[in-house]
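Novice: Which chain is which? The protein sequence lines are A and B, in order.
If you're matching positions, the first sequence starts at 0 in numbering that gives the first Met the number 0 and goes up one per residue.
If you're matching positions, the second sequence starts at 0 in numbering that gives the first Met the number 0 and goes up one per residue.
Possibly wrong hints are sitting among the right ones.
[What the hints assert, rightly or not] Straight line, CA to CA, 27 Å or less: simulated BS3-like cross-link-like pairs of lysine-lysine:
1) K313/B x K33/A
2) K291/A x K227/B
3) K57/B x K190/B
4) K33/A x K190/B
Since the hints were derived computationally from the structure, they do not count as laboratory data.
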Amino acid sequence: MTATTLKVSSGASKEGLVVQPESQSTLVWRRFRKHRLAVISGVLLMIILVASLLAPIIAPFGRDDIDISTAARFAPALSRTPDGGLHLLGTDHLGRDVFTRLLYGARVTLIVAVLVAVFSTAIGMVIGALAGFYRGIVDTLLMRFLDFMSSIPSFTILLILTSILITDPNMLPFPRIWLDTLRVTMLLRDMQEARTVAVILLVLIGFGWIGSARLMRGMVLSIRETLYVEASRSLGVSSLRIITQHVVPNAMAPIIVSFTQDLAAAFATETVLSFLGYGVQEPTATWGNMMKLAEEYIFEQRLLPVIVGVPILICSLAFNFIGDGLRDALDPRLKL
Amino acid sequence: MTTFLVRRLAQMFLITLLAAFVSYLLFYIAPGGPLAKLAEINQGGRNRLDRDAEARIKKTFDLDLYQVPRFMRWLIGHPRGSFVIGGQEFFQSLQVGCLKEGRARLVYADGTTVETNCIEPVYLKDLPDPQRRVGNGVMRLDFGLSQQILRDRPVMDLIGSRIGPTLWLLGLSNLFALIIAVPIGVISAVKQYSKFDYLVTTLTFFGSAMPTLFLGIMGILIFALTFKDLGLPYLPPQLAESNADAVVPLLGDIVAGSMRDRIWHLILPVTVLTIVSLTGWTRFIRSSMLEVLRQDYVRTARSKGLGERAVIAKHALRNALIPFITLVVGVIPALFGGAVVTETIFSWPGLGRLFIAALGSNDYPVLMAILLIGTILTLVSYLISDILYTVVDPRIRVS
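Assemble the whole structure, with the sequences as input and the hints as a guide.
Specialist: Below is the structure:
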């Protein structure tokens, strides 16, 4: 896989040719840059992420601030409050600033997507690698479980589970430190909000790792039969070292691609859950529950669904483009 | 083949049983239930739920039974009383539940005393009781009565009333998607790297990344609301039938509940769902076709001097469609589950919305029915596609 560039040296040195190896990461980066839409998507996502992280500084209003002046309900974009504040994208049915809520919502939506993708990929990788490498009882159990999961309508179960857990978020004993971390990173108002987000995270990760585990297991099964693994084993290299030094690096390309797909899927699932009313609950802002409200009041304020929908569309496209670009960059033959 | 079928059916039965168990567990951990709701309503006032009323409700919903007999009765509708073998009753006084809890000391005639935590135990012989509702069990597709949405009506009736709109919606959209996806995918693959191919790959990429949510709501916004304002022939934003007659520009009068009315309501949601399935299927057909076109037998067919049309239609397409079977058969469970998001957006009275409504009102029997029937249909569709594979492609053997 390591490509080499041949450079004819200008001076008439003895060798004539200087071989300058190019590292794998520069190669990937060079290929990725060629995919223009992916690069644009990456930049856009970065802007949205940074803006959402700076939400308390950028946002002109507080997340739940209600504008009580008369014309504040469904104020159109660019309208002003009596004391000169600007509603950049207008207000919602309660007179809350939409731009502000979009920023705070991006924070919850994107952080949830990233956390879900990271944890499900990590958990899936560990379980898949162990099952694929050691086979035996772990593998059998995992495969039976995966078979079972693929034959039940998982979105149905996911919805039932979240709807049950959300009505009573105290049911699960989350460690306080987790909840505090969530509360601080997502700027949630209280522990109750943090609990709901934690429930959503848990359920999404609980269903998310399955795909990565299946992929990782398949990769490991093919890698463990290769000659270089056999060579290492005959040299007496330990199993753990074989996994970390040979198996994982070689399985990395498809795992990274599946990570971006997980990201897109987590984003979509969280948005749909919130839209259906079984995700993160009001008044915590997420793009999904903002869309739900925008849809409910579509007859009163036509533009609101567009204002909330466009960021959802942009992120959804961006995740997909980046996944596509990365797939081309990492391994052009790879097809998932 | 017979051994394969027997083994698969046994496997399917086991998985269904497991799914039933999982759904019962969900049922069991769920907060609420009939008692919690009633206790809530009556708190503080004179109408406080007394112990007799509580016992009566417990009896109705089998809440007084222990988990094992309760699960068995839910699953297969048994036990319904003491076991009768040859006219003689067995296990009459096997305790299966407890109607009223509390500390009690039982003093028997011979002087022995027993301390129990149950004032009024339920024995096996008490089970035949007109107050107790017991169905034939979920394994025989009797899901009992709806608790909230249509109170005390059988769940199967509820599902029966909603399955029509869902079948129309999903059947039509999948049919259209199929009719459009196959030719487009094939042409796109045959003319790889042509302008048409680029157009198709770009559009399908956008289409598959497009959230259904966005597509549906924009559809309503443009074709229902804005078109109506502009005086154009608009489409209805929601429901499957109008409540009142409507006059639409160019389309004329539309009588509520007529055939025209129903078709008029189908257009928008069917279009949205068609686009959603179309994009994935087109990409699938295209890549599967590309793979087949590289095969040796296609080259052989060409070198025999066969016309391009015959090569594509007879040699390539038939083989390219084999993996497509899985996708098409996979629609079967989806037909039942309904399209949750699309049905919600368009307030479509189908199974998807029934599911969301049942979630919202904690109508667990309805949820369990949808979950279990969905599982069974998924399993059946896997079996059908496996069998179809062997029929279509003789290279594949079941094992």
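Novice: State for each hint whether it applies.
Specialist: Each hint, compared with the structure:
1. K313/B x K33/A: The hint is violated at about 39 Å.
2. K291/A x K227/B: Between K291/A and K227/B the Cα gap is close to 23 Å, so the pair holds against 27 Å.
3. K57/B x K190/B: Violated: K57/B and K190/B sit about 68 Å apart, past 27 Å.
4. K33/A x K190/B: Status holds; Cα separation ~25 Å.
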